[in-house]
Structure formats: structure tokens, C-alpha cells
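With chain A held as given, fit chain B onto it using these hints.
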Amino acid sequence: AQSVTQLGSHVSVSEGALVLLRCNYSSSVPPYLFWYVQYPNQGLQLLLKYTTGATLVKGINGFEAEFKKSETSFHLTKPSAHMSDAAEYFCAVTLYNNNDMRFGAGTRLTVKP
Amino acid sequence: EAQVTQNPRYLITVTGKKLTVTCSQNMNHEYMSWYRQDPGLGLRQIYYSMNVEVTDKGDVPEGYKVSRKEKRNFPLILESPSPNQTSLYFCASMSGSGNTIYFGEGSWLTVV
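In the order they appear, the protein sequences are chains A and B. For the first sequence, the numbering used here gives the first residue as 10, with consecutive numbering after it. For the second sequence, the numbering used here gives the first residue as 1018, with consecutive numbering after it.
Hints are computed from structural coordinates only; laboratory data are not their basis. Ideal placement from N, C-alpha and C gives every residue a C-beta, glycine not left out. A portion of the hints provided could be inaccurate.
Claimed, not checked - Just the calculated beta-carbon pair ranges, DEER-fashion:
no., chain 1, residue 1, chain 2, residue 2, range
1, B, GLU1047, A, SER12, 47 to 53 angstroms
2, B, LYS1088, A, GLU24, 45 to 51 angstroms
3, A, LEU27, B, THR1039, 38 to 44 angstroms
4, B, ARG1026, A, THR14, 29 to 35 angstroms
5, B, ASP1073, A, LEU29, 17 to 23 angstroms
6, A, SER79, B, THR1032, 47 to 53 angstroms
7, B, SER1099, A, ALA26, 39 to 45 angstroms
8, A, LEU29, B, GLU1079, 32 to 38 angstroms
9, B, THR1037, A, THR86, 39 to 45 angstroms
10, B, GLU1047, A, PRO88, 35 to 41 angstroms
11, B, LYS1088, A, GLY71, 33 to 39 angstroms
To be verified - Straight-line C-alpha distance at most 30 angstroms; calculated DSS-like pairs for lysine-lysine:
no., chain 1, residue 1, chain 2, residue 2
12, B, LYS1074, B, LYS1035
13, A, LYS58, A, LYS121
14, B, LYS1088, B, LYS1035
15, B, LYS1034, B, LYS1086
16, A, LYS58, B, LYS1034
17, A, LYS58, B, LYS1035
Chain B extracted, bound-state conformation:
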């Protein structure tokens, strides 16, 4: 079954404590992306990756890092989380033809 898996699904953390949200896909997709969803703002792209070792900033990259050491994994790293990073995060991967995107189930992150 085609799947994008994110972990953790729910997390409450404290300001400044580094955390990583993992994302894994089993479809051998080259393109992967991270979004955050906030009320009234829709989904905003944080970072994306066109292939292994190729990453680029999206619209709201500040405070985030990513890595793409292998095709299936695309972790999102918050080195020093702040309360304004409290949000719902989605990982996604897309087929090469660019017309089918698969989303993970989302990760609710609260920074206090």
C-alpha cells in the first residue's frame, strides 16, 4: 500500500528542546515536501526536496532544517522550537509526473 508515514503524530514540547519529525515514503518518489497548516493560512511549504541530497527552501523555512540522505526519508528538524512553531505539519511525496501527491496523516506539534 502506498504510504507516507510521519512520526510522532502528536507532540508537546518545550521551547528550545530540539526535536525531529520523521517522514518516510514507500513509493520510491523523488520529490518530498513539508508543509505546515495554520488557521486561515492554508498549507504553507517549509522545505522541499527534488531528490537525494537536493533540498530547497519553501515559503516559510525559518526555524527549520531538513535532510535527504536517502530517497525514502525526509526528516524535519526543529533545532530550537519556539511557540510560533506550534502547528499541524504534513509531509508529502509526489510521483515523477507531478500529478499525484501523497500526504502523511499529519503531526500535531505544540511548543510551550
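Here chain A stands alone, though its shape is the one from the complex:
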């Protein structure tokens, strides 16, 4: 079965600094990969997704992620962090031939002034 591992349960950056949240996946067939964000006391919001085609995917709020098959990774980046980016971020994976979505344990992003 497919799975994802998020490296680092907590990441802290300064405002204006690069944000890098790491996600590695495991699957036997081509994966569909997702990043979700959860703000305090709210549900999950889709940031971006990779299904097929271009491996660099741009999402909302200035985030992007790159699918690297050779590294089985789908890291999330943002060039310059804003205070409003403070939230919990989840990487998730499904397979092209099923709808069984699996989530990582989440990474809590803190942005310092």
C-alpha cells in the first residue's frame, strides 16, 4: 500500500525566510501527491497536487512542490514565509488506480517575526 513520510514534525522559520517542508512517498505504481494546509481550528484546504505532467506544481499562497521520482519526494517550498503561513501541513498520496488516500503525520510550521 502507498504511504508518505513527513520529515520533521515541527519547522520554525523567520518571516521572509525560505520554507521547506519535506515529504517522501512509497508506492508501487505512479502516485498522485497532495499537500494540504490546516489553519488552527479549521478543516483541510488543498494547497496543490501532482497527478501527471509537469513535475513542478504551483499552488495557492505562493507555495510550490516538485515531484522527484528518483528521490520519491514531493517537498513543499515557499521562497518567503509570511506570518499567515503558520499552520499544520499534510502531505498525502493516492494511486492512479484507486482512491485510497494516505496522509503523513503532519508538519507544524511556525513563523517568527
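Leaving out everything else, chain B in the frame of chain A:
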């Protein structure tokens, strides 16, 4: 508007008192799923359903039941809730292509 609706959103109950969390979607999706979210553990799948009358266990099914009698509804049943089922629960549905998942707003459940 595409929607997944869960009820109740907030509930405090006592150990052993049966409860049901309802979930309804208006997108005619075949696939629906229940997750629980706990600190440091992310979202863990409880049960999922590929279609009407087709359900299967996820990673943490113990203490839960589900039913899928019609496509739009996928209720989560706690026959005898225990304090370790205190959690935030999300219902989700997914399009047939498997690349768009819609979440409900979540249900906060506390079992005392």
C-alpha cells in the same frame, strides 16, 4: 456548491453511550472515507467505502462501524464510545478520477 456536511460539529458524550456522526455529500461521488486526526499522528483512516454497500476497514477501525446504504450518506457509528476515541473526525469524498478529495469541516468528539 460542492459540499461534504458533517453533524454534529461538536459533541461531548459519556463512555458507552452510542452515537452517530452523519456525513453527506452532494457530488454523487462513489468513494467516501472517515479519518480521525490526533496530535502527532496526522490523519488516520478509519473506514472507507468504494460504493453503495461496499465498505472496508482503514488503519484504525476498532470501535467504529459504518454503513453505506445510499451514495450520498456515510455515517460513522460509535457503538460504545471510550475516552480514547476523543478526537477530531473528518469525512471525505473523492471524485472517480481519484485526484480531488473534498473534506467536511470536521467533528470534534469528546468522550468522558
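Any of the earlier hints contradicted here, and which numbers?
1, 5, 16, 17
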